[in-house]
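Protein chains in written order, with this note's numbering: chain A, 191 to 387; chain B, 78 to 389.
Don't read these hints as lab results, they were simulated from the structure.
Any given hint might turn out to be false.
Unchecked claim - Partial selection, computed: residues in chain B whose CB lies under 8 angstroms from chain A:
hint: 1; residue: T144
hint: 2; residue: F207
hint: 3; residue: W212
hint: 4; residue: A231
Please read all numbers here as calculations on a predicted model, not as lab measurements.
Virtual Cβ for every residue (Gly too), placed ideally from N, Cα, C.
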Amino acid sequence: MKKFFKEFSKGIFKENPTFVLALGLCPTLAVSVSLLNGLGMGIAATFVLLGSNIIISLIRNFIPEKIRIPCFIVVIATFVTVVEMLMKAYSPGLDRALGIYIPLIVVNCIVLGRAEAYASKNNVFNSLSDALGMGIGFIWALLLISGIREFLGSGKLYGYKLIKGFKPPAIFILPAGALLVIGLLLGFFSLLKEKRK
Amino acid sequence: MKNRLIVSPSPHIYKDESVERIMWMVILSLVPAGIAGIIIFGIKAFKVIFLGIVSAVSSEWLLQRLTKKKITISDGSAFLTGLLLSYTLPSDIPFWIPILGSFFAISIGKQIFGGLGQNIFNPALVGRIFLVASWPRYITHFIPPLGYDAVTSATPLALLKRQEIFEQFSYIDLFLGKKPGCIGEVCVLALLLGAIFLLMRGYISWHIPITYITTVALFTYVFGAKGLFRGDWLFNILSGGLILGAFFMATDYVTSPLTHKGQIIFGIGCGLITAVIRLWGGNPEGVNYSILIMNAFTPIIDRYTKNRIYGR
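Please model the complete structure; the sequences and the hints are all you need to start from.
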């Protein structure tokens with residue numbers, strides 16, 4: 191149980207996929223325009239991560255070493271298709287907002303990275319906790335980035351206008367703003383890490 | 078006899094120059110353009126310049142205070158950033174635009190890299206593109222000079238972009254600054270006065286500005302109109318922020334190449350990008366982006382134009 195918690199907690203801060211490992215930055219940059227989009231992306235990626243980590247760690251002893259990456263991709267793509275269909279059926283609006291970035295979870299570095307680095311070497315129980323921790327780490331990172339960008343760039347939070355008369359600097363919902371916010375946050379978290387040492 | 082000999086390491090020849098002195102001299106050389114801007118656009122222009130400078134200097138003080146660094150607001154570099162930024166803004170804008178622009182210029186453009194001498198991009202221009210991307214409506218809102226009806230009007234370059242007639246501006250008008258535009262860029266005469274002062278005193282070399290302006294002139298002369306060699310190159314030199322950019326921003330010591338060979342490459346690159354944006358790009362003016370893009374190339378230009386060390 192102690193190991194479970196350790197594997198779970200490392201993804202949240204110490205090995206946070208976005209701020210420390212700097213994986214999966216492409217969907218993070220593209221999708222983090224508003225809190226809703228960020229949350230949708232985070233949950234979708236976490237679902238895929240959970241599914242793929244469990245299946246891959248179950249079949250890890252049957253996968254031939256040389257063709258492991260194609261095998262991982264098949265498993266991941268299956269779960270991505272499930273997510274895509276679910277999203278199309280139950281929240282078409284979010285599906286339209288996220289667009290191509292949902293199918294692109296197939297090549298998301300976090301999912302593939304955890305499959306390669308963790309799930310293919312560890313048992314199901316630990317892989318599950320690893321996936322949960324990484325997923326939650328990804329979700330909170332996305333929420334933080336998209337919250338900052340939505341608030342500064344459009345003056346809203348989760349679609350609600352907060353301050354009257356605030357003229358938002360639109361740069362923060364443009365791609366330039368995404369790079370700026372992520373760069374500053376990465377710097378900030380490295381500073382925190384540096385201070386902790 | 079022994080006491081008269083001074084033993085010291087090289088260099089032995091000193092020049093009575095320092096960063097502070099050069100900065101304040103550049104500021105001095107920009108004063109005529111500012112006065113011209115205030116005469117042309119009225120007291121509003123003074124307000125923008127004043128707010129830009131105050132905000133830049135106090136942002137620098139605040140950030141150095143917060144990061145517990147030595148406070149260097151007296152070296153004039155923050156003052157110069159604020160001044161240059163406000164020169165690139167139109168006069169009729171809300172008061173918070175120059176304040177936020179200067180704050181962004183100093184914080185993201187300069188202090189985040191470690192202060193003066195460390196920044197990759199010209200801070201004043203970083204501040205300006207932040208404002209352009211964030212509140213495009215205010216930054217492209219130009220009013221004509223005093224004495225005309227106070228309605229919004231387009232700059233000569235914007236008119237050219239929309240293929241409207243620009244015959245209403247004579248070359249003399251463009252040269253003296255009787256046109257809508259940004260505060261510091263309109264009066265070419267005043268800018269040239271300052272530029273000649275800087276060139277004579279040796280604070281800037283001719284390499285970047287001359288190659289920059291010549292490239293723009295040549296390119297717009299060749300491709301500027303239907304058919305080759307029919308473009309109005311003089312119009313292209315005299316309008317927009319080319320003179321201000323070429324003499325005062327592209328020559329920034331920190332963000333431009335070190336060697337003369339590198340500076341010539343830098344100037345030609347700036348000129349090409351400016352001309353391409355003006356002729357075929359989405360924006361009427363490209364000076365701002367061209368200098369920032371070439372700033373990004375400065376390290377690589379420096380690497381390949383490094384002077385050979387004697388004997389190697």
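Of all the hints numbered above, which does this structure not satisfy? Sort the numbers upward. 1 and 4
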